[in-house]
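Q: I would like the entire structure built from these sequences, with the hints used as guidance.
Here the sequence shown stands for residues 1 to 272, numbered as in the numbering used here.
Among the hints, a few may not be true.
Pairs of lysine to any residue residues, derived as SDA-like cross-links and limited to a Cα-Cα distance of at most 25 angstroms, are as follows [what the hints assert, rightly or not]:
1. LYS237 - PRO160
2. LYS237 - ALA181
3. LYS237 - ALA208
4. LYS237 - GLU223
5. LYS237 - GLU193
6. LYS237 - PRO168
Because the hints were derived from the structure by calculation, they are not lab data.
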Amino acid sequence: MRTRPTIDIDQEFSKNLDQILQGETAEACNSVSEEYRATLEFAEMLARSKPFPRPAFRDGLKRKVMHRLGLSGEVRSQRSAQLYPRRRVMVMAALLLFCLSGLTLLQARGSLVAAWEGIVIYLEHIGVREVKPERRWELPPSEVPTYATVAEAQRHVDFPIREPAYLPPGFRLEGVQVPDASSVGLGYRRETEDRGIELLYLSQSSLAGKVAEYADYPGEIQEIELQGRRAVWGTDKQMNLLIWEDEDMVFVLHSTLPLTEMQNVAISLFDE
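A: Below, the structure written as structure tokens:
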């Protein structure tokens with residue numbers, strides 16, 4: 001496999017990310033190599049789902065992404081190039097974790113400030129409410145421990161990690177993030193010729209010993225039923241959300257998949 005200096009990639013990626021975060025069309029995605037295109041497209045998706053971030057946020061996000069991609073102006077080895085697909089997906093998962101930081105973790109590490117509140121749907125322990133986010137954000141910790149398998153991650157959490165018995169065809173586990181002992185996020189990925197890269201992110205959080213709080217979601221929400229269980233279905237311009245409780249656990253699915261597929265994944269997680 002041919003290696004190449006990454007300094008040009010640094011500059012091109014940085015310029016494209018600037019355009020995306022300033023709300024411009026990422027036409028530059030077409031000129032970026034395939035290995036970086038998916039990350040740019042995911043950043044564009046996040047940018048379109050929120051008001052344009054302030055410069056300080058853009059700079060911080062850029063540093064975070066560049067660091068996680070290992071773009072340092074040095075020649076990238078063949079080995080690191082081979083490892084890149086997994087790293088790319090976990091960068092996207094990290095961005096998604098940032099996007100959901102106020103939602104998936106009740107002790108949120110980032111903060112989303114609601115400028116306007118819509119409806120609120122109360123589950124057994126938490127309430128999910130629509131919000132319109134302002135342009136004020138806090139970055140989550142720069143490093144979230146990530147493991148290649150559920151077995152590895154299980155040693156670092158205080159509850160049994162559940163894996164879905166059903167996944168849509170083609171999805172495979174790409175990594176497991178463990179922000180703390182009471183929360184875990186499983187990242188799944190598939191790639192097809194017609195739809196490109198699709199992500200499915202499953203968050204599991206223990207409510208044991210915690211005070212219930214609101215989960216803010218910048219999109220439209222409605223209450224639905226999952227085989228007799230109450231759940232919240234959320235949609236915005238780019239991603240869909242499904243959140244439900246099971247005893248002292250909160251589960252969140254976030255993906256571009258339609259409701260039917262996400263329901264099937266959720267139901268396969270039920271602890272009967």
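Q: Each hint: holds or not?
A: Hints, one by one, checked against the model:
1. For the hint pairing LYS237 with PRO160, the CA-to-CA distance comes to about 33 angstroms; that exceeds 25 angstroms, so the pair is violated.
2. Straight-line distance between C-alpha atoms of LYS237 and ALA181 comes to about 32 angstroms, which puts the hinted pair past the 25 angstroms bound.
3. Among the hinted pairs, LYS237 with ALA208 is inconsistent with the structure: their alpha-carbon atoms are about 33 angstroms apart, more than 25 angstroms.
4. Restraint check for LYS237 and GLU223: the C-alpha separation of about 19 angstroms stays at or below 25 angstroms, so the hint holds.
5. Of the supplied pair hints, the one linking LYS237 and GLU193 holds, its CA atoms being roughly 22 angstroms apart against a limit of 25 angstroms.
6. About 22 angstroms separates the Cα atoms of LYS237 and PRO168, which keeps this hinted pair within 25 angstroms; it holds.
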